[in-house]
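Residues in the sequence shown are numbered consecutively from 1, following our numbering.
Simulated from the structure, these hints should not be mistaken for lab results. By construction, the Cβ of each residue, glycine as well, lies at the ideal position given by its N, Cα and C atoms. Among the hints, erroneous ones may be present.
Unchecked claim - Taking CB as the label site, the calculated pair distances span:
| hint | residue 1 | residue 2 | range |
| --- | --- | --- | --- |
| 1 | Ala148 | Val112 | 27 to 35 Å |
| 2 | Ala48 | Lys109 | 18 to 26 Å |
| 3 | Leu85 | Glu171 | 15 to 23 Å |
| 4 | Ser55 | Phe143 | 15 to 23 Å |
| 5 | Val49 | Lys82 | 17 to 25 Å |
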Amino acid sequence: MKAIKYVLASVFALAILVSCGGEKKTEEKKEQKVKLGVKKEEKKVESAVEEIVISGNDLMQFDKTEIKVKAGKKVKLTLRHKGKLDVNVMGHNFVLLKQGVNITAFAGKAAVSKDNQYIPKGSEDIIVHTSLIGAGQTTTIEFDAPAAGTYDYLCSFPGHYAMMKGKFIVE
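Hey, can you work out the whole structure from these sequences and the hints?
Here's what the structure looks like:
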């Protein structure tokens, strides 16, 4: 009879210990969920900036012909020159034009603006542009995305606009 009492007491004590341990795990899980929620909120704050990386090469090509962003969002655009040729031979830039601008006419004005990195002085056709870069260089600009719509972008180095262009779509 004493053996049964000891067994029953042991089982009862074990049941109490197991049930208490479960509550601790539940509390730990709740804490983890709260921490995950904080991390998600932090990521939302970080994602307030749309980061875009676009590359140009010695074959006069951008690696992207379409870029999509949300209207009014902060944009951080990085242009990389992955070629081997010097800026004076195969320079690249990123020029975002206002809607309705004739690319060919703009490129003609840009081609004679060597002294200003092929950006026409006083041009009202441009929303934003990067510096002109050569082999292995990188440049970054930050700006607010314009109103919803489709915009053209190009490289304004002479002759490049025919192949180095794309659509900047703001949703």
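Cross-check of the supplied hints:
{"no.": "1", "hint": "Ala148 with Val112: 27 to 35 Å", "result": "holds (33 Å)"}
{"no.": "2", "hint": "Ala48 with Lys109: 18 to 26 Å", "result": "violated (35 Å)"}
{"no.": "3", "hint": "Leu85 with Glu171: 15 to 23 Å", "result": "violated (36 Å)"}
{"no.": "4", "hint": "Ser55 with Phe143: 15 to 23 Å", "result": "holds (19 Å)"}
{"no.": "5", "hint": "Val49 with Lys82: 17 to 25 Å", "result": "holds (24 Å)"}
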